[in-house]
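Protein chains: 4
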Amino acid sequence: MPEVVFSVDQTRSMRDQEVPGHNRWHPDIPAVVTVRAGAEFRVECRDWTDAQIGDNDSADDVRDADLTVPHMLSGPVAIEGAEPGDLLIVDILDIGPIPQQSGAVAGQGWGYTGVFARENGGSFLTEHFPGASKAVWDFHGVYATSRHLPGVKFAGITHPGLFGTAPSADLLATWNRRERALIDTDPGRVPPLAWPPQPHGGLAGTASGDAAERVLAEGARTVPPREHGGNQDIKNFSRGARVFCPVFVDGANLSVGDLHYSQGEGEITFCGAIEMGGFIDFHVDLIKGGMEKYGVTTNPVFLPGNVEPRYSEFLSFVGISVDESGTNHYLDATVAYRRACLNAIEYLKKWGYSGEQAYLLLGAAPIEGRISEVVDAPNACCSLYIPTAIFDFDVRPNAEGPVKKDRGRCALTS
Amino acid sequence: MPEVVFSVDQTRSMRDQEVPGHNRWHPDIPAVVTVRAGAEFRVECRDWTDAQIGDNDSADDVRDADLTVPHMLSGPVAIEGAEPGDLLIVDILDIGPIPQQSGAVAGQGWGYTGVFARENGGSFLTEHFPGASKAVWDFHGVYATSRHLPGVKFAGITHPGLFGTAPSADLLATWNRRERALIDTDPGRVPPLAWPPQPHGGLAGTASGDAAERVLAEGARTVPPREHGGNQDIKNFSRGARVFCPVFVDGANLSVGDLHYSQGEGEITFCGAIEMGGFIDFHVDLIKGGMEKYGVTTNPVFLPGNVEPRYSEFLSFVGISVDESGTNHYLDATVAYRRACLNAIEYLKKWGYSGEQAYLLLGAAPIEGRISEVVDAPNACCSLYIPTAIFDFDVRPNAEGPVKKDRGRCALTS
Amino acid sequence: MPEVVFSVDQTRSMRDQEVPGHNRWHPDIPAVVTVRAGAEFRVECRDWTDAQIGDNDSADDVRDADLTVPHMLSGPVAIEGAEPGDLLIVDILDIGPIPQQSGAVAGQGWGYTGVFARENGGSFLTEHFPGASKAVWDFHGVYATSRHLPGVKFAGITHPGLFGTAPSADLLATWNRRERALIDTDPGRVPPLAWPPQPHGGLAGTASGDAAERVLAEGARTVPPREHGGNQDIKNFSRGARVFCPVFVDGANLSVGDLHYSQGEGEITFCGAIEMGGFIDFHVDLIKGGMEKYGVTTNPVFLPGNVEPRYSEFLSFVGISVDESGTNHYLDATVAYRRACLNAIEYLKKWGYSGEQAYLLLGAAPIEGRISEVVDAPNACCSLYIPTAIFDFDVRPNAEGPVKKDRGRCALTS
Amino acid sequence: MPEVVFSVDQTRSMRDQEVPGHNRWHPDIPAVVTVRAGAEFRVECRDWTDAQIGDNDSADDVRDADLTVPHMLSGPVAIEGAEPGDLLIVDILDIGPIPQQSGAVAGQGWGYTGVFARENGGSFLTEHFPGASKAVWDFHGVYATSRHLPGVKFAGITHPGLFGTAPSADLLATWNRRERALIDTDPGRVPPLAWPPQPHGGLAGTASGDAAERVLAEGARTVPPREHGGNQDIKNFSRGARVFCPVFVDGANLSVGDLHYSQGEGEITFCGAIEMGGFIDFHVDLIKGGMEKYGVTTNPVFLPGNVEPRYSEFLSFVGISVDESGTNHYLDATVAYRRACLNAIEYLKKWGYSGEQAYLLLGAAPIEGRISEVVDAPNACCSLYIPTAIFDFDVRPNAEGPVKKDRGRCALTS
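Chains as they are written, first to last, in this note's numbering: chain A, 5 to 418; chain B, 5 to 418; chain C, 5 to 418; chain D, 5 to 418.
Hints may be right or wrong, so weigh each one.
Note that identical chains are pooled: a pair holds if it fits in a single copy or bridges any two copies.
Once the Cα atoms are required to be at most 16 Å apart in a straight line, the calculated EDC-like pairs of lysine to aspartate or glutamate come out as [unchecked claim]: (1) 353 x 61; (2) 409 x 372; (3) 353 x 214; (4) 353 x 7; (5) 157 x 123; (6) 408 x 70; (7) 353 x 296; (8) 353 x 398.
The hints are simulated quantities; they were obtained by calculation from the structure and are not laboratory data.
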């Protein structure tokens, strides 16, 4: 167990920690600690919502979540000698939930997958599932099960949903400009096209005075992935992965949060994977001038680890870029993947799951989302791979037809 | 070796075979043979262009290809007892290139990956690579190498790019209607938004008279994947895969073509994977009423096989839905994947490959294209996984920087 | 398809081919062809018994097989420039059964697994299964099934059971000397401790006159693996494998035979894997002086390929070196593996298979045999891994107990 | 984190714990806790030697280790309702080293691989390596490195070397009888053929009075695996594995110890894998009457987990049952595996490692040991698979020959 450079008392909000974290991206958030290149260290994390979601059978907390709060990040950690233009090597040595005590917050033996209501965040299939729903997962070492999804058990592909280096002032300005431009194309949209800076709910780390005000006023929201990494939600950032992150400020200023016990590709439920607080162990190093050397200027590059759960049999679904109304979209992989997800849900409903249950399952289990082709105009083709071994029944099609059973229910709103 | 139910003389065009195939989708194309449910049989195939592309060092043939010709399909094969509403089980028992003789056509010991010119088909990155280019691959049993891509060798993930059941008249009308509507939004676009029916170049199988005229006038082009399967270009339809295809006409009328020695996910070069003629061995069976039983109404469902090439180490690239001009696109996985591809190409250029070479490599090698997240507004995140073992050098980033070498050249236009 | 340098007419015995092969190892067997280092070529093979075993429901042919005949080998192929002390690189590019015609001989759409009778060869469990038995397997592209083993289907891990370079005269003398010494410790044992030179049934390739007589008189039997490779029965010599073979004579003189559609580790049934005739495609090259450079003096070194069947779930059995009578053997991995095999057979019998059926299955399916520990005196521990996916039922233990069904029968003797 | 039912203070010997464990197998060792079938619980463990081996650069501690002490086991844990004849389902939910504090004992951030001296335990290759040696490994989350083995890094396949149910009095008597009979065949052998009961150094758990005396006098040593499981050293008992153990006494009485951060198959160094103290999380359940139901009477059956480190490329070595003096042994897999190990060591020496270093590496890294064939008289064939990715150089043979470098040194004796 390496040295803890950012510790969290899970009985208190991130705002009330001795050294608080942050929930906006801004170059003026001070590093809370400096480590050497070559160091190994541990960072403790809150769950992304700062414990707004409970281990219960109602999705009211998901419906009513305050979305100005996420993602609660731990850090920034400065790396000695890091300069703009370098690549920061980030090795994920280990990751796990919070040592269990009372079970009060996500990560202490349990986690959750939620679907946000359309009016409060929405999700990938929000037109089809406009209400909030939730599944609570119990952790059994490497395995997760859910009372809200009987018949399912799988080894989690544990990873941080979000980590990244701090943006430079220029880069931040670019983000704010381009996202504002997008919002302006449909300012009243529900859910919004993007999440603009929002002082309310903001947490500026250890910044104070003017700096804190700038962070709250200008700080980029943590929702989207951007050039520095950020909320990439790449499920393969699991144990043993090595990520090469562009550096934009002196010290790099690495922050992390949004730990996932597991996630399906797409994180289609948005709230989200199997969310939890916990810890992550990093090793860091530098490739001086690496951005230019390797042409890695706009996004991280990575090497996945080799201790992910391993499956060899999948049930796979296909979608093409014809939307639900029958309209053709030109090589639109988003529509194609949405159709693949909807096809999978229809299939799972035939076995007795509700649509909400199937949706939650796709957001949480180690499914793969593939771009099969994006050239055969007008239809992109995406496919979705569900490991068959996660079910305690044979989920493959056969001549007799599916065995429809009572599969319980997930948490819904009151 | 099971019975050959559709044979091809590779010295002649598909038009001149004793029993010709077809290159349009239409319910009036007669089945050329009927097999029983439970049968195993072999189908021989031309390469998708009917041998327009040669084993040479010029991409002029790609530039000048007649795109009214593809895809030359073998079939249709009718299955006794198949009725609309059934699911046709299609097992891919084996697949391979043409037994080598003169080497005159793709599949006889070699195949090709091409990038279409913008004016004649285009490709996924056509704005960046508007010209035609080509790599010729030599087959060494399970391995492929290319004189146009020195330093690379990999086991192919061999599969049919295209197979599917025949559409009903209603379904065909739906296709034509919705694709026409899309074209009408920008009729002069280059490349076109979709490929409308086109009598010129059409081949109606064994249809004659009025039926043949209807096929040529109304027949859907084979380019896009649709509800029946079609040109899905799913690389995991490899040996051992089982596909469940919706049935829309009596007999199902299964056709197949566009065999790929290998392909990267996305088939981003469009012309295309590693293209070849060859053979495919099928086993077929029926799930009566399976479409309703399993809710499989709009696209096939499948179980990938377990004899694909297996890698455990990948170099991976990330893209987000901010386009090359810096404009944000709302959760657009197509843009995100394009950026991931462009990032990979920039990286490979640092090692001495030309952009065209890198592009061709991504279209051919068994790379994976993943939808990492499609909910973190406004940026979708896609990732692209290149197996590191396909290079004869260590392609991973290190402190010294990449070793830039002369990596030869691919075929370009005159 | 590379050039065929050794062709076989499967309607005739290896003895009656235009260019016959051989079934003894001897430096005086002339090479039948010479290829360059760097060459790719195809070799055609008879099944190891020269077609003594038929596609029928009796094991009488196994019981009565003439064991002076195997293994019928194709070659030798000389490699230009190869000299003693070199390492011969042998790449297995492809391998497969005989193109199906009449089905008359093993490899034409079918193969067999046999257990030799104790009096005629014996097998690993000959004390438990002294009689002959047989299962005939039907090939369906990558998959095999057997009417003698209902409920089982798997992708074969196809490989040559036997290939190797020719021994020098000195090496041959060493073999004959040490094996004679072993035989002399119990000359009347049934089955014998080793197989001494045996002129009867021998085939000396294209040797004639004195040379032929020497080959028959002194030639080493092909049964055991030795320093040159030989009958190693390593199932992972599958497509894509690279083997580095020591060279003992000028030209290396590579011979090959005993093709297996599939095999379980141990080849415990002895007659044997899933035996077949067929073809194998090789690429060869040289590492001059490689034996000394790499210290590879006594046995080949190899890199397995990456297109083997892939499984992720196994049912595994354990054995320790306490024999069936309760006697302890000091760190004896052979006894431990035998007990693991017997434990697996007992388990499978609970599901309705006969002991012979279970035995045949373990010899044929892609099972793994592991040496778990060989130091915890006095008991070695071996384990045996059966992929669960090869059964069409759930073979894992559960609270209800196994479902015992009629699982048919394998071929037995009259 | 489930409830800890057996806790260990790592600053004290197992003998001095509040509730001590045991280091002999005997039915009279009282259970220290009883759990329900279906329970999940944590057990804390000492390293197998009770901390005799230190984090230093001398192998003197290995040379001088008191072998009457191992293996220090935690438990027994009784399971409510377990009766002789049942199968105890043991799920390995999680496993890991001791939370790091001072680093004083193995498991607190480090572990060791040792080779015992011939006079004190010996090892698999003790004739070749009669002296003691040692490598200390540092843990970096999932990865291990060693200052004694530069150039090597790998993800550990973490598992318990030893766990099992308690023997009945009858079974214990059988063990003692058969092992004594073996010892009597060569009573003075060094190392001994087996380890007889030995009161000196024994620890009888919470037994007292007559019971304690019986345990010390009759208790079976923990070295070998036996019918109940025990020291099987199966590396695939990693996270997610399910093991079905025969039950011989009421309550089953499960004990565990000898945790390994990683191990190569064979555990050929004997002292041993990468040894550590730590914790293990179990889930247990019962199959009533399962021994008879499934014919599992002599050894456990298991399902490996699916979160092991995953490799796809291996460098593999072959051995046959001809010993180092050139003598043939009849189908002796132990000799064959020994030769494969020696071949691997010779190869690694060509790259600059000492023989001791190579030996230690084979004992620690996730290598596979395969029984390739055990029927081709007189030579068994075994093979050993080393993942190539564990080296920071390309370890595969090539035309240039190996790059011999200074690879440091391992710990030796003074």
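Violations among the numbered hints: Numbers 1, 2, 3, 4, 5 and 6, in rising order.
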